[in-house]
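Residue numbers (the numbering used here), protein chains in the order written: chain C, 53 to 418; chain E, 53 to 418; chain G, 53 to 418; chain S, 53 to 418.
Hints were generated in silico from the structure; no laboratory data involved.
Don't take every hint at face value.
Said to hold, decoys possible - From chain E, some residues computed to sit far from chain C (all C-beta separations above 12 Å):
#, residue
1, Thr73
2, Glu90
3, Ser91
4, Val106
5, Ile119
6, Asn126
7, Asp143
8, Leu202
9, Asp219
10, Ile221
11, Asp234
12, Pro346
13, Ser379
14, Leu416
15, Lys417
Claimed, not checked - Listed below are several chain C residues computed to face chain S (Cβ distance under 7 Å; list not exhaustive):
#, residue
16, Ser409
17, Gly410
18, Pro413
19, Ala414
Don't be surprised by glycine CBs; every beta carbon is placed ideally from N, CA and C.
Protein chains: 4
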Amino acid sequence: MPGNLIGERFVTMSFGESHGTCIGTVIDGCPPGLALTESDIQKELDKRKPGQSVITTQRKEADKVSIISGLFNNLTTGAPICMIIWNKDSDSRSYESVKTIPRPGHSDFTSLVKYGGFSDYRGSGRFSGRLTATFVMAGAVSQKLLHDVLGIETIAYTKQIGDICIDDIQLDVAREIRYTNDTRCPNNEFAKKMSESILEARRGGDSLGGVVEAVTLGVPVGLGEPIFSSLESDLSKALFSIPAVKAVEFGSGFRGCAMLGSKNNDTFYKDQNKIMTRTNNSGGILGGLSNGMPLVIRVGFKPAASILKPQRTLNLDTGDEVELSVSGRHDPCVVPRAVPVVESMVSLVLADHAIRSGHIPAVLKS
Amino acid sequence: MPGNLIGERFVTMSFGESHGTCIGTVIDGCPPGLALTESDIQKELDKRKPGQSVITTQRKEADKVSIISGLFNNLTTGAPICMIIWNKDSDSRSYESVKTIPRPGHSDFTSLVKYGGFSDYRGSGRFSGRLTATFVMAGAVSQKLLHDVLGIETIAYTKQIGDICIDDIQLDVAREIRYTNDTRCPNNEFAKKMSESILEARRGGDSLGGVVEAVTLGVPVGLGEPIFSSLESDLSKALFSIPAVKAVEFGSGFRGCAMLGSKNNDTFYKDQNKIMTRTNNSGGILGGLSNGMPLVIRVGFKPAASILKPQRTLNLDTGDEVELSVSGRHDPCVVPRAVPVVESMVSLVLADHAIRSGHIPAVLKS
Amino acid sequence: MPGNLIGERFVTMSFGESHGTCIGTVIDGCPPGLALTESDIQKELDKRKPGQSVITTQRKEADKVSIISGLFNNLTTGAPICMIIWNKDSDSRSYESVKTIPRPGHSDFTSLVKYGGFSDYRGSGRFSGRLTATFVMAGAVSQKLLHDVLGIETIAYTKQIGDICIDDIQLDVAREIRYTNDTRCPNNEFAKKMSESILEARRGGDSLGGVVEAVTLGVPVGLGEPIFSSLESDLSKALFSIPAVKAVEFGSGFRGCAMLGSKNNDTFYKDQNKIMTRTNNSGGILGGLSNGMPLVIRVGFKPAASILKPQRTLNLDTGDEVELSVSGRHDPCVVPRAVPVVESMVSLVLADHAIRSGHIPAVLKS
Amino acid sequence: MPGNLIGERFVTMSFGESHGTCIGTVIDGCPPGLALTESDIQKELDKRKPGQSVITTQRKEADKVSIISGLFNNLTTGAPICMIIWNKDSDSRSYESVKTIPRPGHSDFTSLVKYGGFSDYRGSGRFSGRLTATFVMAGAVSQKLLHDVLGIETIAYTKQIGDICIDDIQLDVAREIRYTNDTRCPNNEFAKKMSESILEARRGGDSLGGVVEAVTLGVPVGLGEPIFSSLESDLSKALFSIPAVKAVEFGSGFRGCAMLGSKNNDTFYKDQNKIMTRTNNSGGILGGLSNGMPLVIRVGFKPAASILKPQRTLNLDTGDEVELSVSGRHDPCVVPRAVPVVESMVSLVLADHAIRSGHIPAVLKS
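Turn these sequences into a full structure, and let the hints guide you.
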């Protein structure tokens, strides 16, 4: 398969360009019988919509979804579900130069070479963060499927922005408040600090990165298809498809690499007939299979590549080094808007695996 | 596809069990015309062979490969290449108990549930680190293919064991010496410290984890198939298929998340007609596509789950908590033997992508 | 993968329903650099458009294509190409009953069971012949790709309608005239007979089937990926995806089964440095691989299932047998409109294989 | 995927060469808990074993299977099942010439071009009918799975050899006697005629083709994944992977193309709460989905390409036409030995679809 689809049984194919006619996605493999409306999708899209606060890009896009196939009487039918957002507010004026003067940290240079100069470079085309809206559309369907059939819920939030990191997170609070502040942080005090930090970077013509943490509750034991389709394998593949992601870890992750086995191993016990582990350093995955504990994943985003501060780069035509200041409308930090995207990608993978393992049946009960 | 194969055009299917008749792999999609002998494979297998030093398991396996299909006159034919290692020194006596008393940190519990009690639990069966020998067999073919056709070379080494971490690495030295010491460290002084650290952990009935870093040279610009088959996506999927891996990062990785964009962006320049970047925080990947700089990947391994030190766990039959001391022959730290495995998985993914992008032709020149 | 996509490297995903909002398709894997406009697609769509003659359904659909992604400056970019036809003239009044009274020869009963009653049954939903317009959209792109890069051309035509069969076909004539008569027949005299035969069947409240033959010129030697992705395997898979197809044969086909080997074998000779065979009983495929001779494929269509003549069937609710006369607007014979569909499916498979084998490069020359 | 594997959830990868070390297959996706022994496989292999009668090749191969992975306590575990037959009686002396003097009707020429001269041409290498033994190994597992879980049974038999065709077949008799005569015919009188016909062709240095018909009983309603993975699509793909197959039809097939719709449509009725059709012109498939009636498939095999009678062909080195008489040990008619191969391919596809649709669960009941 080429690269624009993901999944085995719950498959998503993304299409569209940042400054083209539209962006969209088709899902194949959603079981028939799931109650679904456009508002189920819109609710999730609104969480990553641009222009919602002072710390995001000022591009205005309502990002209104249209479901144009696969539903009948507000239920899925088993047929492919195509969803589209028509682009409205694209401004391609500032992109003519990227063909000859590639922006540092961007795909301009690599896509130019790979696609022989034919790719749509306007607004980074297929490589734009805007395409993550197609992940969210598909993710919203998978989230609803996981929730309605299995009671699975994924809660992601901003754990770190620049060097500000919150370690002590209360999941119940996170669930309630993360989408009530601009930075999608599970703690309003930290949210304020993070927000200020982003504004300060932007004032300096600079940008920040950070870390999103996702916790998934209600996962049954045994999702994952080792060896090569282990839960970590497929989750990481999906998460590294999000632009700007450069690191993924599960449970104790890199920190666990420095621990003794006796500390990192999670010991089993039984609580009201459910087998649990006392710690969760495994992040809910043992041997590539879910163990019934919460999935815990951290996703590292690099600082946004588009910055106003002048950088050196090459003029590919002349071979000269030039100074470049990236204008256009950009997020000084993509992390806050990436939070629903992480939730979506985690959900897409879990829905796929829940179908593969038979936890979600071929036809939902009416 | 079920989970035991990986790749799109250069496909590997792993089979076999730790304590069964054999372990093996079949490669489909290797282009015809590659010179290949069993010694090309054996050379790589010998790097991860057990029983080579005091810090690894004492299981004795010659791990001698037989190529039983796909070669003709010492050249690949385009037909599937099946390679087998017959198991010799398995000792299954200590595994009867894992069905009822799952070992912490292992797949015993999750695989029991997933496979309904039918899985071969002896020596962890399919979940054993021993299966990584099948990765190395396939990886050796992909390494030779990448080297002979494109001059690509992957150099992995142990960067960290427990809390001992080496930051200043000289790649030329690493290439020469990493397989000359027990820990596969690119620095003999650190190697000694790491080795002592492992022995100390074992003396305490405990285990260590660590980090393998891989650097790949000679990658052409444009490998990767965004969105969902980006180079990071497919590399991480492959690397998380290695047992005990819990974290993967590229370039500046998690560290880069705390940097300013102006510091993390790599600026372009030209050196003798090759377009380069002054730093390599991207780890050689921009927009999911290789940019011609060295790939830099770090892979985090959790401490080995099998430890002699007593741990609490459950007796699934009785529901009682019990104390368990894991006997059997195990590595106190899997990191050193994982180094060639990481090289293999990186090579498998790159060979696949080099075929997908046409950099490796359908038929090699005779 | 679920069932709504086909191909390995040139992948098509079909979506939409006969009486829904739209029908469409997304192509992933079309190389960048192909000149393409909506009129290239429309030209092919017009060949299967309904309502063009007295022998087809009276449903009026302009079937006007919109390309909504994947093009830039009238060239493909390497990104997914999404194409849509908005439905205009659907009339769903007559379909309420199919849920309880399945029409003989239709998918009503089987889809009801498979999709648990959730499928969109209006106008047969996903099972409608209307969906073949999505094959033609994708097929038009593959046809242009094959033509522009390799000079490949597929010429299909109606060989048989009911019991009227034309055996002596001149390919040059077929190329010129097949789309100038209502039945898509390569001989105007036979075309008239076939047309009368269809009208006669319709007057009797009945329907006819027939055979489409496709000949492909310019195929290079060596397309096909045996064993399981042989050219016959993948062509037949694609062709049996067309509704109403119940038989496929290559070259001498079933007739060849009764021949002696010495008669059926095609002997090699050389003509102006091209290796040819004197006969073409193989239909251009030896060992699952193209041999450079014209591909010759015959595709058998059953008589259209929708007939006005009363048939017996079941009322699923009551369990009683009832008499049913199928109203609605239907083709009394699907064969004429299937001709461009067969051309499309053949082209889709050949484009896929030409990319897999490297005959079509990853990036087209600018 | 390259071409040596088939299936989506029940996947088979074939490897090995006719005159190499071995032939074999790996199954991935067989659910855990199926009782399976080597004798279950051997029983099926024995049905296609060479050298059993005067009408087949005199190559002597015991074709003894070894299962080398995936079983534990005579039950499948969910892990890949690798099965091997070691080649014993290969005689490669007569094959040196095929590189320069391609045999008419064989893959010599096409494989030479495709694989750049690197393919193993001895005994036709990967293109040998011998490889169908790998289909039978995998098919035997799928047959047992279908039988044990769903009670599905496939009965194939020789319907036609040369111009001798048996039309009136009693399935109960076919089930009993087909493997008791040399031609695998469901009628002993016809069997004798067919056998004589084959011997006569061989005496003339010639060969015959024929038709295998397969009937599958016990298929539940709703197998198949339209559009592109319809039951006909996937069955035909699998059947056209058998060497020498040039035609496939379902139900009334090509004959139905000449019928009126009112005759070809099968009318529904109810018999003891099971919904049936009075005729079975659909061959048990409506809309690409099984309808609960017996599957009826006919598979056309061309006459064997290897004949002693001199044929003209090319010397590729000199460009001259030469006369060729194909020696070596060959079947004068492949049809009888193809009967269990057809049963195997049908079973592989049905097992795959039964898993995809959930009719076979992820874990079998213990």
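Checked hints:
Distance check for Thr73 (chain E) against chain C: the nearest CB is about 18 Å away, which clears 12 Å, and the non-interface claim stands. Non-interface status of Glu90 (chain E) relative to chain C is upheld: no Cβ of that chain comes within 12 Å, the nearest being about 24 Å off. A cut-off of 12 Å between C-beta atoms confirms that Ser91 (chain E) is not in contact with chain C; the least separation is 26 Å. With a cut of 12 Å on Cβ distances, Val106 (chain E) stays outside the contact zone with chain C, its closest approach being about 18 Å.
The Cβ of Ile119 (chain E) lies farther than 12 Å from every Cβ of chain C, with a closest approach of about 21 Å, so its non-interface assignment holds. Once the 12 Å rule is applied to beta carbons, Asn126 (chain E) is consistent with being away from chain C; the minimum gap is 29 Å. Taking the minimum C-beta to C-beta distance to chain C, about 21 Å, the non-interface status of Asp143 (chain E) holds against the 12 Å cut. The non-interface label for Leu202 (chain E) is consistent with chain C: the shortest C-beta to C-beta separation is roughly 15 Å, beyond 12 Å.
A cut-off of 12 Å between C-beta atoms confirms that Asp219 (chain E) is not in contact with chain C; the least separation is 14 Å. Under the 12 Å C-beta cut-off, the non-interface status given to Ile221 (chain E) relative to chain C holds; the minimum distance is some 17 Å. Consistency note on Asp234 (chain E): stated as away from chain C, and its beta-carbon is indeed over 12 Å from all of that chain's, at 19 Å minimum. The beta carbon of Pro346 (chain E) sits about 15 Å from the closest Cβ of chain C, which is more than 12 Å, so the claim that it is off the interface holds.
Every CB of chain C is more than 12 Å from the CB of Ser379 (chain E) (nearest about 15 Å), matching its label as outside the interface. With a least beta-carbon separation of about 23 Å from chain C, Leu416 (chain E) lies farther than 12 Å from that chain, consistent with its non-interface assignment. Every Cβ of chain C is farther than 12 Å from the Cβ of Lys417 (chain E); the closest lies at roughly 23 Å, confirming the non-interface assignment. Because the smallest distance between the Cβ of Ser409 (chain C) and any Cβ of chain S comes to about 5 Å, under 7 Å, the interface hint for this residue holds.
The criterion of a C-beta within 7 Å of any C-beta in chain S is met by Gly410 (chain C), whose closest approach is roughly 4 Å, and the hint holds. Annotation: interface hint on Pro413 (chain C) holds; nearest CB of chain S at approximately 6 Å, less than 7 Å. With 7 Å as the threshold, the beta carbon of Ala414 (chain C) comes within range of chain S, its nearest partner Cβ sitting at about 4 Å, so the hint holds.
Checked against the numbered hints listed earlier, the structure breaks none of them; every hint is satisfied.
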